[in-house]
Amino acid sequence: MGGLLITCFYFWGWDVSLNLTEETRAKRVAPGLGGVFGTLIIVALFILLQVVIQLNLGDKPLADEAANIIPLLGETILPKPWSYIALIAVMISTVATLETTLIQATRTLFAMGRDKTVHPRFAVLHANWQTPVLSNIVIGVLGIILFVVSNLSASVSDLMTSAISAIGLQIAFYYGLTGISCAWHYRKSFAESFTAGIFRLAWPLVGGLVLLAIFVMNVFTLSFQETAIGLGLILVGIIPLLVAKFKYHSPYFEGHVFEPDAEEWSGTKEATVAAETVKRG
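According to UniProt numbering, the residues represented by the sequence shown are 1 to 281, in order.
Since the hints were made in silico from the structure, they are not lab data.
All clues stand as given, with none of them false.
Computed spacing ranges between beta-carbons, pair by pair:
1) Asn128 with Ser223: 44 to 54 Å
2) Leu233 with Phe194: 32 to 42 Å
3) Pro79 with Ile47: 18 to 28 Å
4) Phe46 with Trp203: 16 to 26 Å
5) Pro240 with Pro79: 50 to 60 Å
6) Ala154 with Ile53: 26 to 36 Å
7) Thr131 with Lys60: 41 to 51 Å
The model shown is predicted, which means the values in this text are computed figures rather than measured ones.
Ideal Cβ placement from N, Cα and C applies to all residues, glycine included.
Put together the whole structure using the sequences plus the hints.
What follows is the structure, encoded as structure tokens:
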């Protein structure tokens, strides 16, 4: 079960391709294609990497250099200085991971601000760049603070390490809820067609249940600190949920779904989400 939780972590972030492609001109088709092809590309890259590692490295190098696999693989396959290509690839991948995390978190906050599940200011867009201003600032500053503090404090660093280990729990939990929510939203899909019922209801439902099962089973296998942090952060999320429902009276909890108009879907008009959010406030 621990391996399944690690797999959830590996595929975490595939939905960034949906967030980002919503900002393109082909808003109706690009998010779906981005999500599907992004996931397939990730699967292909992981399989290719595992095959190459198993063919070129034995069990002992894998055990001795677990945190340094890619540079070691580069030295095994290519002579120096060409082996440094692997090190450069790791550096570029690290930068890409940071950018992906920033995009995912800020776009999620943007959508939540639009639906008033957090403060509506998070939905305000930059006048020229059309990107969520406050969301970018908050996520960027929090990331820098956590990085600096964890490097200066051993206790904070230990907590951050446990939080990173426990993040698989949160991933399985919220992806599982997403699958269940998708199935509920499209619960009448079989009335439309068999294909729609399979892809909109059955598939998300099965996936959501499997992910929630992974979540429950791993709660009992992680250390106490990791489990406490993982479950504690999920429970803390109830606080802004209650604030959004009872203070901001978010239409999200009443079943109102944001629907862009036809011009926004076609890309012929700039999005006016922030303005609409302010009007509703």
